[in-house]
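S.K.: Take a look at the letters that make up each chain.
Number of protein chains: 4
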Amino acid sequence: MAENTDQLVLSDDPLHPANLIPELCRNFYQLGWVTGTGGGHLHTRRVYIAPSGVQKERMLPIHIFVLPYPQAEPSPHTDRVFLRRPTQNLKESACTPLFWNAFDLRDAGSCIHTHSQHAVMATLLWPGATFTISHQMIKGVRVGGVARTLSYLDTLVVPIIENTPNEEDLKDSMAEAMKKYPDAAGILVRRHGVYVWGPDWEKAKTQAECLDYLFEIGVKMKHAGLETVLNT
Amino acid sequence: MAENTDQLVLSDDPLHPANLIPELCRNFYQLGWVTGTGGGHLHTRRVYIAPSGVQKERMLPIHIFVLPYPQAEPSPHTDRVFLRRPTQNLKESACTPLFWNAFDLRDAGSCIHTHSQHAVMATLLWPGATFTISHQMIKGVRVGGVARTLSYLDTLVVPIIENTPNEEDLKDSMAEAMKKYPDAAGILVRRHGVYVWGPDWEKAKTQAECLDYLFEIGVKMKHAGLETVLNT
Amino acid sequence: MAENTDQLVLSDDPLHPANLIPELCRNFYQLGWVTGTGGGHLHTRRVYIAPSGVQKERMLPIHIFVLPYPQAEPSPHTDRVFLRRPTQNLKESACTPLFWNAFDLRDAGSCIHTHSQHAVMATLLWPGATFTISHQMIKGVRVGGVARTLSYLDTLVVPIIENTPNEEDLKDSMAEAMKKYPDAAGILVRRHGVYVWGPDWEKAKTQAECLDYLFEIGVKMKHAGLETVLNT
Amino acid sequence: MAENTDQLVLSDDPLHPANLIPELCRNFYQLGWVTGTGGGHLHTRRVYIAPSGVQKERMLPIHIFVLPYPQAEPSPHTDRVFLRRPTQNLKESACTPLFWNAFDLRDAGSCIHTHSQHAVMATLLWPGATFTISHQMIKGVRVGGVARTLSYLDTLVVPIIENTPNEEDLKDSMAEAMKKYPDAAGILVRRHGVYVWGPDWEKAKTQAECLDYLFEIGVKMKHAGLETVLNT
Numbered sequence: 017m018a019e020n021t022d023q024l025v026l027s028d029d030p031l032h033p034a035n036l037i038p039e040l041c042r043n044f045y046q047l048g049w050v051t052g053t054g055g056g057h058l059h060t061r062r063v064y065i066a067p068s069g070v071q072k073e074r075m076l077p078i079h080i081f082v083l084p085y086p087q088a089e090p091s092p093h094t095d096r097v098f099l100r101r102p103t104q105n106l107k108e109s110a111c112t113p114l115f116w117n118a119f120d121l122r123d124a125g126s127c128i129h130t131h132s133q134h135a136v137m138a139t140l141l142w143p144g145a146t147f148t149i150s151h152q153m154i155k156g157v158r159v160g161g162v163a164r165t166l167s168y169l170d171t172l173v174v175p176i177i178e179n180t181p182n183e184e185d186l187k188d189s190m191a192e193a194m195k196k197y198p199d200a201a202g203i204l205v206r207r208h209g210v211y212v213w214g215p216d217w218e219k220a221k222t223q224a225e226c227l228d229y230l231f232e233i234g235v236k237m238k239h240a241g242l243e244t245v246l247n248t
Numbered sequence: 017m018a019e020n021t022d023q024l025v026l027s028d029d030p031l032h033p034a035n036l037i038p039e040l041c042r043n044f045y046q047l048g049w050v051t052g053t054g055g056g057h058l059h060t061r062r063v064y065i066a067p068s069g070v071q072k073e074r075m076l077p078i079h080i081f082v083l084p085y086p087q088a089e090p091s092p093h094t095d096r097v098f099l100r101r102p103t104q105n106l107k108e109s110a111c112t113p114l115f116w117n118a119f120d121l122r123d124a125g126s127c128i129h130t131h132s133q134h135a136v137m138a139t140l141l142w143p144g145a146t147f148t149i150s151h152q153m154i155k156g157v158r159v160g161g162v163a164r165t166l167s168y169l170d171t172l173v174v175p176i177i178e179n180t181p182n183e184e185d186l187k188d189s190m191a192e193a194m195k196k197y198p199d200a201a202g203i204l205v206r207r208h209g210v211y212v213w214g215p216d217w218e219k220a221k222t223q224a225e226c227l228d229y230l231f232e233i234g235v236k237m238k239h240a241g242l243e244t245v246l247n248t
Numbered sequence: 017m018a019e020n021t022d023q024l025v026l027s028d029d030p031l032h033p034a035n036l037i038p039e040l041c042r043n044f045y046q047l048g049w050v051t052g053t054g055g056g057h058l059h060t061r062r063v064y065i066a067p068s069g070v071q072k073e074r075m076l077p078i079h080i081f082v083l084p085y086p087q088a089e090p091s092p093h094t095d096r097v098f099l100r101r102p103t104q105n106l107k108e109s110a111c112t113p114l115f116w117n118a119f120d121l122r123d124a125g126s127c128i129h130t131h132s133q134h135a136v137m138a139t140l141l142w143p144g145a146t147f148t149i150s151h152q153m154i155k156g157v158r159v160g161g162v163a164r165t166l167s168y169l170d171t172l173v174v175p176i177i178e179n180t181p182n183e184e185d186l187k188d189s190m191a192e193a194m195k196k197y198p199d200a201a202g203i204l205v206r207r208h209g210v211y212v213w214g215p216d217w218e219k220a221k222t223q224a225e226c227l228d229y230l231f232e233i234g235v236k237m238k239h240a241g242l243e244t245v246l247n248t
Numbered sequence: 017m018a019e020n021t022d023q024l025v026l027s028d029d030p031l032h033p034a035n036l037i038p039e040l041c042r043n044f045y046q047l048g049w050v051t052g053t054g055g056g057h058l059h060t061r062r063v064y065i066a067p068s069g070v071q072k073e074r075m076l077p078i079h080i081f082v083l084p085y086p087q088a089e090p091s092p093h094t095d096r097v098f099l100r101r102p103t104q105n106l107k108e109s110a111c112t113p114l115f116w117n118a119f120d121l122r123d124a125g126s127c128i129h130t131h132s133q134h135a136v137m138a139t140l141l142w143p144g145a146t147f148t149i150s151h152q153m154i155k156g157v158r159v160g161g162v163a164r165t166l167s168y169l170d171t172l173v174v175p176i177i178e179n180t181p182n183e184e185d186l187k188d189s190m191a192e193a194m195k196k197y198p199d200a201a202g203i204l205v206r207r208h209g210v211y212v213w214g215p216d217w218e219k220a221k222t223q224a225e226c227l228d229y230l231f232e233i234g235v236k237m238k239h240a241g242l243e244t245v246l247n248t
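These protein sequence lines are chains A, B, C and D, in that order.
This note's numbering puts the last residue of the first sequence at 248; the count rises by one with no breaks.
This note's numbering puts the last residue of the second sequence at 248; the count rises by one with no breaks.
This note's numbering puts the last residue of the third sequence at 248; the count rises by one with no breaks.
This note's numbering puts the last residue of the fourth sequence at 248; the count rises by one with no breaks.
Treat the hints with care, since some could be wrong.
It does not matter which identical chain is used: a pair holds within one copy or between any two.
[Stated by the list, open to error] Below, a list of computed lysine-lysine pairs in the DSSO-like style, where the Cα atoms sit at most 30 Å apart:
1) LYS107 with LYS236
2) LYS155 with LYS107
3) LYS155 with LYS236
4) LYS238 with LYS219
5) LYS195 with LYS155
6) LYS187 with LYS219
7) LYS155 with LYS187
8) LYS238 with LYS195
9) LYS107 with LYS238
10) LYS196 with LYS238
11) LYS196 with LYS219
12) LYS107 with LYS219
Worth flagging that the hints you see were computed from the coordinates, not collected in a lab.
With these hints in hand, go ahead and build the complete structure from the sequences.
M.R.: Take a look at the structure:
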């Protein structure tokens, strides 16, 4: 099947999702989000997904999976449907069901997952259910990840869910947190990383960078003994 | 209008402001000044301004705004005047009025704004009105950002102003601090970042790097319990 | 001899070991594993070894040593056998006998050595015989470096051996630790660095990155006063 | 004069000093040794010196100064002799007399100066006359910067001299420290940076990287409350 579907991932357009995903993964590799970065992009009723377990800075368009959208989650009795699978013996990212949360619950066009150490340290230094920070450069962050941007006077709240051994099993608790915190621009997973999304790949990437910046400065403030939320 | 004014931003000269601004933004992105970097460059009575909200490492010359100089600040009754606006639905950097401070009050030819975490941490660890450091490599910093360089025996003083929800609203307090500290080479904005300038883009960039180096080493000294100003 | 054996290291294939080793060394240089990185790759009964004492980011295929495999360790009465030596006055990596441990004891196809500061700090902050961490992103690490990947519920254990003045003299204690900890994916050397391996160069590189990520987050957790192993 | 002497700095050979110095400065810029890096290289009785005050990552061969060697230090009655000066209004690096120390006192072929923050922090956390460390990866460091490499069992000692407002005025105290510590591979300058040298540019660069690695790990050990010299 794969031979006949290569045209789904071969394009001269540098902004085609199958070209963008490898480029962004190289980009994130250079930012130090070394391991485990992944992404899913929804474009004209198709979802493009990075493979699992490849070296992210060496990913190629031919490694990309393509799935139809919408699509119900596979059950014990159904398989996931693909429009295209790579010829190599690759597996789609284990985050696939979690990207679906962003598409289904937020109308996102793109979802990014990283294991950034700033995100992980934030989940360790904020042992409760949320990461919170105020009076920092939060004005690039969008309400719910997709709507208007926050104001300097808002407090950023990012829910933290507990990790599970299998990434797929995070789907329900992530969805629950997204419903409980409809304004949240991302979901932290304790001792694991973060899921971020946006209306398109550019805004998803910007959201990922803005949130990572805030996790980093929040962790630095904790280490310096500073309060991260001001009551004014 | 924009179609007719593209020649204002299309040039084979790599040192043309419309080529330089995107290159410098890529440069700063790689230095880790990831989000929110912006710059305005004054060149032969024209001001070239980076757009707001684009991915700074992917900015192109056609994204650049061009304004005439001098130009009075727009009021409720007047609009800002442009020589050229990008065709895309972009907005000029919210820092535009603050760049004008550097042009008007210091005769600067270039002004750079970053959200560097070293700058932000400096404003948190120096809770007063100024960041001060002495007996460090301050000799690259220029008096007022544009005149002779400091000596190793001088003490560097950078005013810190309080942030406001809208970047434009910083204009008056920034101007006030620039007048109160005429020798200051930059203005820190608490919990936000820094504005730095120079007689031309090369010197503005060098000033930005020198000050960032000093914010970084100052923060490290604070963490190590060391005094940053020596009384000799 | 060398002139006749250049074909052993000259190939148009970017994945040929003699092209890969220099590329990976540049890669590691950029990741900040600046000094002392080395690697040995076993491919079709030949071992390709980086030279010692060259600038790792400027290494060329013609600098690579080629040795037959299997080969007994040289003794006072025998010399090491080479299929190819560089014409320059270079010496093979002092780690050569240690790479052999990975080939002989783990059937590894590739072994990487770094002086990463995260690895060195881990050996200083874990003064005992092992580095241990749990409930982190350890699921990229393979049992014994070559078999199935670990689960989030496993505890990662990396033995730490004591350093010796000559790298060759680590061979026996490294082999002993590999036998005592058959599941270990790497061996830390106190105040020195780490040895990591995998079934092929891609997986060895991934193992090196995963372990380095865990040394880094482990060191950060120690500094923050957090336990790195949870008893659940 | 300069027009006639351009052939001194124009060469197709990437290893010509006038090509190497700009390349190394770009390299050091990317390593984060951002500001104030400089270098002098002695090659066939000529010294090639980087200019002062240019953006180090944008330096070009035509910016390089060429001086004859040997040459006595200029006095109030003599000027420095140049074989070639850049046409631009540039000044030779203020470190020029200090590079001469390495050439005259150590027979070095290359000398590198950086303002690395690891070096500066080392001079702040070691308030005495020397930086010392043992039982770390010091075996890349050469005795006196130019002779045999140290052993893991040696203790590295790097003298620290006090800074002066003018870089030239460090010449005598640097020479004095080099004579008092003939085995030292570099000289730290308190609150300023480090001078490192080697028999040729490749070894000088390696010495600079090895020492910087040791300053960095030494500073981390101090922060972690660990002794940096072991008495065994």
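S.K.: Hints first: check each against the structure and report whether it holds.
M.R.: Verification of the supplied hints:
no. : hint               : in the structure
1   : LYS107 with LYS236 : neither (37 Å within a copy, 32 Å between copies)
2   : LYS155 with LYS107 : between (37 Å within a copy, 15 Å between copies)
3   : LYS155 with LYS236 : both (19 Å within a copy, 27 Å between copies)
4   : LYS238 with LYS219 : within (28 Å within a copy, 35 Å between copies)
5   : LYS195 with LYS155 : both (22 Å within a copy, 29 Å between copies)
6   : LYS187 with LYS219 : both (23 Å within a copy, 28 Å between copies)
7   : LYS155 with LYS187 : both (28 Å within a copy, 18 Å between copies)
8   : LYS238 with LYS195 : within (28 Å within a copy, 35 Å between copies)
9   : LYS107 with LYS238 : neither (39 Å within a copy, 35 Å between copies)
10  : LYS196 with LYS238 : within (26 Å within a copy, 33 Å between copies)
11  : LYS196 with LYS219 : within (23 Å within a copy, 40 Å between copies)
12  : LYS107 with LYS219 : both (27 Å within a copy, 16 Å between copies)
Hint violations for this structure: numbers 1, 9, all remaining hints satisfied.
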